[in-house]
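S.K.: For the sequence shown, the positions run -27 to -1, 1 to 290 when mature numbering (1 follows the signal peptide of the UniProt record, and there is no 0) is used.
Hints were generated in silico from the structure; no laboratory data involved. You may find that some hints are simply not true.
[What the hints assert, rightly or not] Computed list of lysine-lysine pairs in DSS-like fashion (alpha-carbon distance at most 25 Å, straight line):
1. 143 with 121
2. 29 with 255
3. 147 with 212
4. 29 with 260
5. 111 with 147
6. 121 with 212
[What the hints assert, rightly or not] FRET-style restraints, in silico, Cβ to Cβ:
7. 122 with 7: 52 to 58 Å
8. 285 with 7: 36 to 42 Å
9. 271 with 37: 26 to 32 Å
10. 213 with 33: 42 to 48 Å
11. 153 with 37: 42 to 48 Å
12. 271 with 156: 41 to 47 Å
13. 203 with 252: 18 to 24 Å
14. 200 with 259: 14 to 20 Å
15. 161 with 37: 51 to 57 Å
Using N, Cα and C, we set each Cβ at its ideal position, and we do this for glycine too.
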Amino acid sequence: MTIFKKTNAVLGAAILAGVCAAGAAFAEGYPDRPIELIVTFGPGGGADVMGRQMAKLVEAPLGVPIPVSNVAGASGNAGLTQLRTNAADGYTMGTLISLTVASWASGLGDNKPEDFRVIAVVQSSPSFLFVPSNGPHKTAQDLMAYAKEHPGEITVATSGYGTQDDVTLKLLEKAGIKMENVPFQAPAERYASPIGGHTQAIYEEPGDVAQFIQAGQLTPLVVFSSERHPEFPDVPTSKELGIDISGLDNFRSIAVAAGTADDIVAKLETAVTGAVASDEWKAFCQKTYSCITPVTGAAAQSMISDFRDLIAAQLGS
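All chains, please: the whole structure from these sequences, using the hints.
M.R.: See below:
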């Protein structure tokens, strides 16, 4: 069961709490100047595209500009450290995504769930292994058999050490399938690496590489989920292949620093959930295979902590 699905039982209560919070008196005059949105990965990646789309959609309801800045590094921790150490006054938001939460369980950085207040989790998608369509490996069974016979020879483009990309490769290695992690800080370079022959595969969500799938340059071989993806029904799950790596979906959220006042959080939550309900966002998330019902309040906070604990348990197993 994915962390997102686990939250369904408490989502109703969280929505009710959010509605109550939205009725509270907002901080007087907030906002009266631009609100910076820190994207914690480089330009062109999934977090960047989501952050910029969200910034555009919440400018009108908040009534101020939302400039976006990319602060990449340390699997997203560099940007989150800046978010955490800025004043908790609602004038800095950031992208907090599962790749970075996974890195905390892997011992990277000194950030932790209680350092942040999640405004809303707005996207989620399982990850796949993709290979270049003109490459030698046509099925997941072929790729994994080759990796077993040639440990470490298959190189996989990832978003960084400590992320669930890295965790998944470690879990595959425990099953005797050793592939080499090749991290890329720049998303565009990561996406291009298998197509250019610099790596043999890439661990990614389908929405982030949709243009390469549609162009016939990348082929999905396996989805790390307990269920097949409805948009890719012919792609087997890792569970079907005898390696149950599931629950590691890549979710993305908007967050602020812990200590931000409840009324400010309520106003930001109203703006973000309103953006997610818009036709423009619905078209965007459908294009990126990432549509979900937004998770807010206590359920969103639990999602972050539960995912960190899940990764820690996976690494300890």
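S.K.: Evaluate each hint against the coordinates.
M.R.: Hints, one by one, checked against the model:
1. Taking the CA atoms of residue 143 and residue 121, the gap is about 14 Å. The hint holds against a cut of 25 Å.
2. This hinted pair checks out: residue 29 and residue 255 have alpha carbons roughly 14 Å apart, not beyond 25 Å.
3. The straight-line distance between the Cα atoms of residue 147 and residue 212 is roughly 15 Å, inside the 25 Å bound, and the hint therefore holds.
4. Under the criterion of a C-alpha separation no larger than 25 Å, the hint pairing residue 29 with residue 260 is consistent with the structure, at around 17 Å.
5. About 23 Å separates the Cα atoms of residue 111 and residue 147, which keeps this hinted pair within 25 Å; it holds.
6. About 18 Å separates the Cα atoms of residue 121 and residue 212, which keeps this hinted pair within 25 Å; it holds.
7. Remark: the range hint 52 to 58 Å for residue 122 to residue 7 is upheld by a beta-carbon distance near 56 Å.
8. Evaluation of the 36 to 42 Å hint for residue 285 and residue 7 yields a pass: the beta carbon distance comes to about 37 Å.
9. Judged by the Cβ atoms, the range 26 to 32 Å given for residue 271 and residue 37 holds: they are separated by roughly 28 Å.
10. Between residue 213 and residue 33 the beta carbon distance is about 45 Å. The supplied range of 42 to 48 Å therefore holds.
11. Separation of residue 153 from residue 37 is about 46 Å and conforms to the stated range, judged on CB atoms against 42 to 48 Å.
12. Judged by the Cβ atoms, the range 41 to 47 Å given for residue 271 and residue 156 is violated: they are separated by roughly 33 Å.
13. For the hinted restraint 18 to 24 Å between residue 203 and residue 252, the CB-CB distance of approximately 21 Å keeps it satisfied.
14. A hinted range of 14 to 20 Å holds for the C-beta pair residue 200 and residue 259, which are about 19 Å apart.
15. One distance hint, 51 to 57 Å for the beta-carbon pair residue 161 and residue 37, is violated here, with the actual separation near 30 Å.
Violation of the numbered hints given earlier is confined to hints 12 and 15; the remaining hints are satisfied by the structure.
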